[in-house]
Amino acid sequence: MPDTFLWYVTRAAGAVSLVLLSGVVILGLLSTMRVQGKAWPRFLTTGLHRNVALIAVVFLFLHIVTAVVDPFTHLGWGAALIPFSSYYRTFWLGLGVIAFDLLLAIIVTSLVRNFIGHRTWRAIHWLAYASWPVAVIHGLGTGTDVWSFWFMLLTATCVGVVLIVAGYRFMAGPFDPLHTARTVFRGSVEKRELP
Amino acid sequence: MSRQYELVVDRIRCDGRGLCAELLPELIRLDDWGYPIISSGPIPDHLMPLAERAVEDCPVLALTLRRVEQGKRGGR
Amino acid sequence: MSTMRLLAGRTLSAGPEGFAEHAARLGPLPHAGRDLTEVVVRSGLTGRGGAGFAAGLKWRAAAARHAQALVVNGAEGEPHSKKDRLLMSTRPHLVLDGALLAARAVRVKEIVLYIGEHHTIARAAMEHALAERPGAERKHFRIAAAPARYVSGDSSAAVHLVTTGIALPTSAPAAPAMVQNVETLAHVALIARFGEDTGTVLVTMAGGVARPGVLEVETTATIADAIALAGGATEPPRAVLLGGYFGAWVEIGQAQGLTLDPVALRARGLSLGCGVVGVLPGSHCPVCETAGIMRYLAGESSAQCGPCFFGLRALAEASGRIANQGSNSEDLQRLQRWAAEVRGRGACKHPDGAVMFLQSALSTFGQEFASHQAHRARRTA
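Protein chains in written order, with this note's numbering: chain X, 3 to 197; chain D, 271 to 346; chain C, 125 to 505.
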C-alpha cells in the first residue's frame, strides 16, 4: 500500500472535491427552487453555487495532477483526459475522467454564457445530473481506503442530502408561476391545419 | 463624456427570480408579483459595477445593458 | 374626393362579388409598381387594424428592410368587430387586389391570408375568390388559420404563426413580414385605381343600437350620424366605447360630435382602433361592463410576461370586486397603482391596451366607480 505524500493528497483532494461538488449540486437545486430567507438573498445562492464550483475545480485539479505524477500509479496525462485509457483500475478511473469532462463542459459553457445564449447553456448544464453521480461512483471504486468508515460516512451524507433536495425539486411542481398558464395558452394558439 | 448605459429587460425571458432587485435596489424594485420595475434613464456611474453584476447574475439572462444615445430617455 | 366606396356593388346579402363582376365594375388590376407606395403615402391612408399607422410609411419601411412576405391580417380577434369578415365574405377581390398591389410595391413574392379559424364564411369566400384568379396571381397566396384568441390579431403574433407555427405575440423587432389589415388593403385596391382614398371607413356598431353591424361611413360623419344609420339607440345612451376593448370610453355628450376620422380622433387623444363603436345604454352599469371586459382581457393574456398575466388578473379581480360587492377605497387605489405599474411592462401591447381601457373607464366613470353599489337584481346578458 503506497503511503506517499502524493497519494494522501490525491485522496484528500478527491474527498474534498466530492463534498464541494455535492454542495454545488445542492446550491444549483436551491437556485431553481428560488429559495430565499431574510438573511439569505437569492444572489447568495447563485454566487455560492458559482464560487464553490470554481473552488471545487481547484481541488479537482490537485486531485488529478497528484494522481498523474504519483510514481506508484504510472498514470500518464492521457489517462487523466481520455476515459478508460489507464492500466490502473481502468474502469473506475475512467468514470472519474468522464465526470470531469462533463464538469468541464458545464463550467466552460457557464463562463461563455453570454455568447452561447441561455438555451444552449441550460441544455449543457443538465449534464450535471450525469456528472455528479458518476463522480460519486468513481470515488467509491478507485479509493484504496474506500471501505474506511469516514469515507463511507462522507459519501453517504453527501448522497443523502443531494437526494433529499433533488427529490423536493423534482416533486414540488414548477417553480415558475407562469408555467402552467403559459403552457395552456401555447396549446391554444398552435398552428391549425385547415380542413 | 463617458458612455452611459441603461438597463433593459427581456419581458418574455424574465421569470421573476428577483436577483436584480436584490443587487440593485437603487434602480430596480419588484412589483406585487415579483417582476422587476426598472427606473428609466442612464445608470449612474457609481452603480455601474452593480448593474453589470445584476446582468451577469440573472439566471435567465433577461437583463442587458444598452448604450444610451445622448438625449434619449430610457425604457422600463 | 372620390365617391367610390368599399361596399359599392351588389347588395351585401347577395354573397361574395365574383371576379368577373368585380372586374366589370372596377376594371382590371392596375399595373402599379413600386411607385404605388408614394401614392399611398400621399393618400394619407392609415392602417385599419387598430394601430392606425400610416400605410405608406409602413410600406417604405418594409421595402427598406427587404420584407419577405405580406401577411393579410383577417384574424379579427376583437369580439364585436365584424368589418373584416364582411369585407372578405362580400368583396374578396378588393382584398386580393390590394394584397397583390402591396406585394408588388414592397417587392414581396409571398402573401399569406391570415384568417380567423372560426370565420368559415369569410375563408370560403376568399378561397373561392382565389380560385377565380389567374394562376400567375394565385401562386403567390397561401392561407393560414388564425387561432381564436384575442392576441392572434396582433401583428407580431401573426408573423410568429406564419414563421414558427405558434401565434404568440412578441416584442421582436423588424419582422421578416409586413402585416396589413384586410380593410387597409381594400382601400389600396381603390386608391390604385382612383389615385385617392375613398374618404370612408368601416365601423362595426355594437351594443345599444337597433341594427348593430357594419357600416361604411364618410370620415366626416359623426358618431351621432353612425348611431342614426344603425337605427338609432335602443335607449338614451350613457357613453360610447370607441375602438373596441383597447379603445376608450367617451361620455355620450362628447362622443356624439366626434367625427369618425382617424386623424381628427388622434388629435383629440382618441383612436378609431379596430372600428368598433360600442354604445352603452343608459340602463347598463358602466362599472360592471368595464369589469367584464377586464376579466376577458386578463384571460386573453398570452402568459409570457408576469406583469401582464398577474397584473391584468389582479386588475380584473379588483374591478370585479367593485362591480359585485360595491366600491371600496383599497380596490380603487389598487386599480390606480397597478394600472400605472403594469403599463409598458409586457413584451407586446396587450397589457397597455387593457390598462388604457381601464384608465379611460376610471376617468370617464370616476363617479360611478367611487360610489358603486352591488346590484340587487342580476341582469342576465
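Among these hints, one or two may not hold up.
[Stated by the list, open to error] Below, in silico cross-link-like pairs of lysine-lysine (DSS-like), each with a Cα-Cα straight-line distance of 30 Å or less:
hint	chain 1	residue 1	chain 2	residue 2
1	C	K233	X	K40
2	C	K233	C	K473
3	X	K40	C	K473
4	C	K233	C	K263
5	X	K193	C	K473
Think of the hints as simulated: they come from the structure by calculation, not from any bench.
All figures in this text were calculated on a predicted structure; none of them were measured in a lab.
Right, here's what the structure says about each hint:
For a cut-off of 30 Å, the pair hint linking K233 of chain C to K40 of chain X is broken: about 60 Å separates their Cα positions. For the given pair, K233 of chain C sits about 29 Å from K473 of chain C by alpha-carbon distance, which is consistent with the 30 Å threshold. Proposed proximity of K40 of chain X and K473 of chain C is contradicted: the alpha carbons are some 36 Å apart, above 30 Å. Among the hinted pairs, K233 of chain C with K263 of chain C is consistent with the structure: their alpha-carbon atoms are about 9 Å apart, no more than 30 Å.
Using a Cα cut-off of 30 Å, the hinted pair K193 of chain X and K473 of chain C holds, with the two alpha carbons roughly 22 Å apart.
Violated hints for the displayed structure, listed by number in ascending order: 1 and 3.
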